[in-house]
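Visitor: Following the hints, put chain E in place on chain S, whose structure we already have.
There are 2 protein chains.
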Amino acid sequence: MNWKKRTRNCGQLRIDNEKENVVLNGWASVVRDLGGLIFIDLRDRWGITQLVAEPEINPELAERAKHVKTEDVVWASGQVRKRENPNMRIPTGLIEIVLDDFGIINKAALPPFEICDDVELNEDTRLKYRFLDLRRPKMQKILLTRNKFYQITHRYFAENDFVEIETPFLMKSTPEGARDFLVPSRTYKGKFYALPQSPQIYKQILMTAGFERYVQIVKCFRDEDLRSDRQAEFTQIDVEMSFVTQEDVMAIAEGYLKKLWKEILDVDIQLPLRKMSYREAMERYGSDKPDLRFDMELKNVTDIIKNSSFKVFSDVADNGGVVAVLNAKGCAADYSRKKIDELTEYAKKYGAKGLAWMKYIDGAINSPIAKFFSQEEINIILQQVNAENGDLLLFGADKFNECYTVLGALRLKIAKDTGIIDQVKDSFEFTCVTDFPLFEFDEQENRFVAMHHPFTSPQDDSLEKIETQPAEALAKAYDIVVNGAEIGGGSIRIHDAEVQRKMFKALGLAEDEVAMKFGFLLEALKYGAPPHGGIAFGLDRMVMILAGTDNIRDTIAFPKTTTGLSLMDGSPSEVEAKQLDELGLSLLKKQ
Amino acid sequence: MNWKKRTRNCGQLRIDNEKENVVLNGWASVVRDLGGLIFIDLRDRWGITQLVAEPEINPELAERAKHVKTEDVVWASGQVRKRENPNMRIPTGLIEIVLDDFGIINKAALPPFEICDDVELNEDTRLKYRFLDLRRPKMQKILLTRNKFYQITHRYFAENDFVEIETPFLMKSTPEGARDFLVPSRTYKGKFYALPQSPQIYKQILMTAGFERYVQIVKCFRDEDLRSDRQAEFTQIDVEMSFVTQEDVMAIAEGYLKKLWKEILDVDIQLPLRKMSYREAMERYGSDKPDLRFDMELKNVTDIIKNSSFKVFSDVADNGGVVAVLNAKGCAADYSRKKIDELTEYAKKYGAKGLAWMKYIDGAINSPIAKFFSQEEINIILQQVNAENGDLLLFGADKFNECYTVLGALRLKIAKDTGIIDQVKDSFEFTCVTDFPLFEFDEQENRFVAMHHPFTSPQDDSLEKIETQPAEALAKAYDIVVNGAEIGGGSIRIHDAEVQRKMFKALGLAEDEVAMKFGFLLEALKYGAPPHGGIAFGLDRMVMILAGTDNIRDTIAFPKTTTGLSLMDGSPSEVEAKQLDELGLSLLKKQ
Chain S
-4 MNWKKRTRNC GQLRIDNEKE NVVLNGWASV VRDLGGLIFI DLRDRWGITQ
46 LVAEPEINPE LAERAKHVKT EDVVWASGQV RKRENPNMRI PTGLIEIVLD
96 DFGIINKAAL PPFEICDDVE LNEDTRLKYR FLDLRRPKMQ KILLTRNKFY
146 QITHRYFAEN DFVEIETPFL MKSTPEGARD FLVPSRTYKG KFYALPQSPQ
196 IYKQILMTAG FERYVQIVKC FRDEDLRSDR QAEFTQIDVE MSFVTQEDVM
246 AIAEGYLKKL WKEILDVDIQ LPLRKMSYRE AMERYGSDKP DLRFDMELKN
296 VTDIIKNSSF KVFSDVADNG GVVAVLNAKG CAADYSRKKI DELTEYAKKY
346 GAKGLAWMKY IDGAINSPIA KFFSQEEINI ILQQVNAENG DLLLFGADKF
396 NECYTVLGAL RLKIAKDTGI IDQVKDSFEF TCVTDFPLFE FDEQENRFVA
446 MHHPFTSPQD DSLEKIETQP AEALAKAYDI VVNGAEIGGG SIRIHDAEVQ
496 RKMFKALGLA EDEVAMKFGF LLEALKYGAP PHGGIAFGLD RMVMILAGTD
546 NIRDTIAFPK TTTGLSLMDG SPSEVEAKQL DELGLSLLKK Q
Chain E
-4 MNWKKRTRNC GQLRIDNEKE NVVLNGWASV VRDLGGLIFI DLRDRWGITQ
46 LVAEPEINPE LAERAKHVKT EDVVWASGQV RKRENPNMRI PTGLIEIVLD
96 DFGIINKAAL PPFEICDDVE LNEDTRLKYR FLDLRRPKMQ KILLTRNKFY
146 QITHRYFAEN DFVEIETPFL MKSTPEGARD FLVPSRTYKG KFYALPQSPQ
196 IYKQILMTAG FERYVQIVKC FRDEDLRSDR QAEFTQIDVE MSFVTQEDVM
246 AIAEGYLKKL WKEILDVDIQ LPLRKMSYRE AMERYGSDKP DLRFDMELKN
296 VTDIIKNSSF KVFSDVADNG GVVAVLNAKG CAADYSRKKI DELTEYAKKY
346 GAKGLAWMKY IDGAINSPIA KFFSQEEINI ILQQVNAENG DLLLFGADKF
396 NECYTVLGAL RLKIAKDTGI IDQVKDSFEF TCVTDFPLFE FDEQENRFVA
446 MHHPFTSPQD DSLEKIETQP AEALAKAYDI VVNGAEIGGG SIRIHDAEVQ
496 RKMFKALGLA EDEVAMKFGF LLEALKYGAP PHGGIAFGLD RMVMILAGTD
546 NIRDTIAFPK TTTGLSLMDG SPSEVEAKQL DELGLSLLKK Q
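Chains S and E, in that order, are what the protein sequence lines are.
Counting from -4, one number per residue, gives the positions in the first sequence under this note's numbering.
Counting from -4, one number per residue, gives the positions in the second sequence under this note's numbering.
Next up, chain S with everything else stripped away, as it sits in the complex:
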């Protein structure tokens, strides 16, 4: 061995350690030559300590130290001394190590970018050189936060008597919802495993097997066209409990969140979390994941305008739709016609056909649609939304979901554009959204699909509606939302095989299809399944929020690009013909 092992790490030494002889190991972060005096900032996972080689004491050593390059791997031996010019920004900044010997363990080539936080980097470069990117303090901190997250999770669920159980990665392909990643079987040519989109069915089977409280931190996979905030492989904290109601699952979830926020950020979450029905969340905030850090509530004005002469609105009202208003406080002056046109384009992305608006300035209404309303109607609207001088009112008019979705999107956009989000960015507002619809109608497939998943239990008084009024049926489903992001979602599951069959039927699945895809779940439910339910948290997104980054790839050691490339290792890649042959597969000719 041509190097000396550390006796201390680089984050450890303080003024109390003065005169201590130490050996450190690490990376040369910065090397400075101040008139022959060589300073090296030595970095390891725990911190940075300054080394100094003094030519008066040891000229040979100082000469050698000159040749240390940034990112060289170094061992250093010397004595702790009080610094003349302390660096108050680091915990070790009061001391330095006067070198008596050192060596370069491994030379580093010149890195393609500087290892520090305040450097402008193209993300592709960062991903290609991930081993260097991860050395940057910011990235180290995020992955250490993620580690803390794991440890709190392990402890919390163990303390609450949960059993950690691994579910299989090579499982059955049941494409219902997202697209599966497939894994061809070599032994059974022409057959495939699928990677789990979630261990949903397996955790339910663990409940029928009597484990009562299950937890797993588990990778899941979805082969979807990726949005920038999604990864094809992602991690969830998967939880399931038996003999419980929604309140029991929520109590476990709340205790968990409280611990995470306290231990990682020293933030106290008030429990119980605010509860809000899906309907209320939509009506007040235009979203099933409302950002409650600010108000800007929507108001339903359908009853007020239903008799107005504005046909666009009154038609919507007549057809059972909703007309609602968002009051963009104080925005009348700032939103020129051009900016309102931009808002209109934005609203159209969310399905709006247009965007009606009113400015309330000095007691008067400025609006292309003002003429369609009586003064009384206008007065009631203004009163309804607490309009004050300078406010801008934006109208949505459509079916329930469509109307509120558009206004919800505008609410967030206005909050962002006017700086409101910036003002509240260090606060956390949690809510638990409940009473989701059991189904939603899929226009493309022209059938009802499960809003959560097909195993979600209907509410007790919605049981009959599965068959008679599916659109009205509510589910025992819940999401946990913080600052407008969904971080967890779950439900009480169906534990009765007959109800599960009804559910599959309502979803338009034929009996043989059900038998083939979900036969083993129905079989498991047959032999004494307990009432059960659970929740799954999105780990990557939670770490994102806790670490204060807005890039999900920053929370993952080796992420992929949005198209699924690993720029570091070059996967996916071509494989040898022999490998495909063994799997009984061939590539389709390119069209």
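Just so you know, these hints were derived from the structure itself, not from any lab.
Check the hints yourself; a few may be wrong.
For identical chains, the list gives no copy identity; a pair is met inside one copy or between any two copies.
[Unchecked claim] Think about it this way: if two alpha-carbon atoms lie no more than 16 Å apart in a straight line, the pair counts; the simulated EDC-like pairs of lysine to aspartate or glutamate are: (1) Lys61 to Asp96; (2) Lys394 to Asp421; (3) Lys460 to Glu493; (4) Lys521 to Asp67.
Guide: Only chain E this time, still in chain S's reference frame:
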């Protein structure tokens, strides 16, 4: 909700709880009708509690209780009472619950087998009905032991400042060693990801990224024809450390094992573990994973017989081979000619051409080969192996590895057949096998292959031998063995890009192949890689040993058969043509 939630669990109530009113939830394990008095053993994850319905007190209730069937899911409310006939085999056996009300939450169909330990079950049936198999006390206990294993692991490595980091599941295919499972990419048709055989390269890259101490409990995948003690997906505890030598890694491993055995079995492991070189393990026990619970050491007698007239032996000696002896103590009488023929067949499976033997009975030698040796040679052999009256000597003669491998296999077989293994089955003998050869010669491929993997560092004085005498080069590699099973293995890795290149060259990899497969590792080593090394433990096998089962599938919640079938969910299965189409794949026609 048509049931009452538990106030206590079924493993909790004691005589101190007498007169307490409780509600329990669980499964009806046994239902007995003793002249109108109905007893139900109610089971949950925590235990079993006896319920009783008394017709004199509540005839309607007793009548209903009669109709409870085994495995029905039940809620029960009543008062704790001292039992007249206590059951001392269970912790709750002193009390029972006198029912005041109960209900069936979910009816169970008649299970295909009884939920208890002492039932003869075909393993295929168990795997198909895994949700019922897992309800059996033995299986519950194994998975709870596995849970305990996880928790100890999380705690131990966190306490030792390791960082838990997730490595990718969709990675680059680099078939070197075992066969990869492939995952076709939809976005990049014709390209594939591979599932990890181990996160080896990624954990090394995490060391170059400066995380210093990494741990992960991680699924790994090998698409091999399965032996009965292997699963295609298996779990390892993956560990890597920077700025360390073999001794540092071993100290972490030893502390870990000590904790596991203490907390799970209350067994004290003496540290440091016994160390033994690969060569010593082979020469004394004929295995690189020696079972040290019993002696039966092999003896090298090459020098003694090299001038004998038995040409089979002397030729081996002349060609640099080894002749060695296993003394099967006291086996002379028991091993008839027929049994020795069976031993010979067994030895041939391990590569022996035949099996020479000598019986030592009443001072005389009985052996087909006795005539080839002088009395003096025989006396020295007898002395060398401490032969006593009634001993059976078995000879191996071949090249080093081949000779000892055969004798090692015979040693285990004799120990098993004569009941020695049975006598020692409750003891644990650990050893750390070190100083492995760096390469082994692969006769089929006619080249050297890495004995551990291509990233293993040669020992300092073997560095030059990589090119000049590969067969003699030793590695900084180590295995941890308990009772003849390898439970962990690791090495100090190569941290110098040039040494790594030499290693690839010695393995016969062309430069472009190296660049394509391992270019990103070489790139990472270039920018300041620290000295590093690690170890990986086989979780499934360790749980097997700690839980005292000899079936690896018992340690896994949802295992596959040896051919990779999941009998419960029916995977692998056919997929829709559309799914293959999207992946740009087609099935080869069956031949």
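Visitor: Any hints from earlier that this structure breaks? Give me their numbers in increasing order, please.
Guide: Hint 2 contradicted; others consistent.
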